[in-house]
Amino acid sequence: GAGVSQSPRYKVAKRGQDVALRCDPISGHVSLFWYQQALGQGPEFLTYFQNEAQLDKSGLPSDRFFAERPEGSVSTLKIQRTQQEDSAVYLCASSWPTQGSLNEKLFFGSGTQLSVL
Amino acid sequence: RKEVEQDPGPFNVPEGATVAFNCTYSNSASQSFFWYRQDCRKEPKLLMSVYSSGNEDGRFTAQLNRASQYISLLIRDSKLSDSATYLCVVKGRQTDKLIFGTGTRLQVFP
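Chains A and B supply the protein sequences, listed in that same order.
Going by the working numbering, the residue at position 94 of the first sequence is 94; the numbering climbs one at a time, nothing skipped.
Going by the working numbering, the residue at position 50 of the second sequence is 50; the numbering climbs one at a time, nothing skipped.
For the record, the hints were derived by calculation from the structure and aren't laboratory data.
Please read these numbers as outputs of a predicted model, since none were measured by experiment.
Even for Gly, the Cβ is constructed at its ideal location relative to N, Cα and C.
A few of these clues could be false.
Unchecked claim - In silico contact screen, one side only, chain B against chain A (beta carbon under 8 Å); selected entries:
#, residue
1, P44
2, L46
3, L47
4, L74
5, D77
6, L80
7, D82
8, S83
9, R93
10, T102
11, G103
12, F109
13, P110
As the list claims (entries may be wrong) - Anything over 12 Å on all C-beta distances counts as not near chain A; from chain B, calculated:
#, residue
14, Q6
15, P8
16, A17
17, Y36
18, T61
19, A67
20, V89
21, D96
22, T104
23, R105
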């Protein structure tokens, strides 16, 4: 596709429900990132993949959060037993890393706005 | 203390004004620096990279001061279309993850 695609665009969940958020990166992009953005805040890093390998998951807030990218393209962020504090916009971004270059541009999707009631 | 800190603003300036934003970062090993722009309810987009020698892109000038660990963005001749949130972004030496600041909101009025 032309850009990073995320679905659903909006998700309303009842507290305790499990949710799955999908990200389709730009074709050929090796790196994929998940960020969480609360209202009025900057994006907070959650996790990062290079192809299918999850290289950094230090930002996942709890063991209720799980991400995968089994074939090195589409990624899914799963949140189990959602809590109200999980309400945020979840942004996915992809990039083609160019080693030694300062032009490390992330292409973001439009995000999934999650509301937990 | 957050790894990247910015004044959240808002900065309210008239069209044609010059406005400057600063950002400080705490990790002295940080390697790469960027400014991203985020419009209301939209995704962030890269505005410009920040080079050690300073760099300019049209009306936008970015500066890096490694000794003081701060980054600046100067916008000259502000346009209404510059109204957005400007995110300061830092990348470490041994990592690919980008760390974002809270963002500084700019509102340009006629």
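Index of numbered hints that the structure contradicts, given in increasing order: Numbers 3, 4, 5, 6, 7, 8, 9, 12, 13, 14, 15, 17, 20, 21, 22, 23 - these are the hints that the structure violates, sorted from lowest upward.
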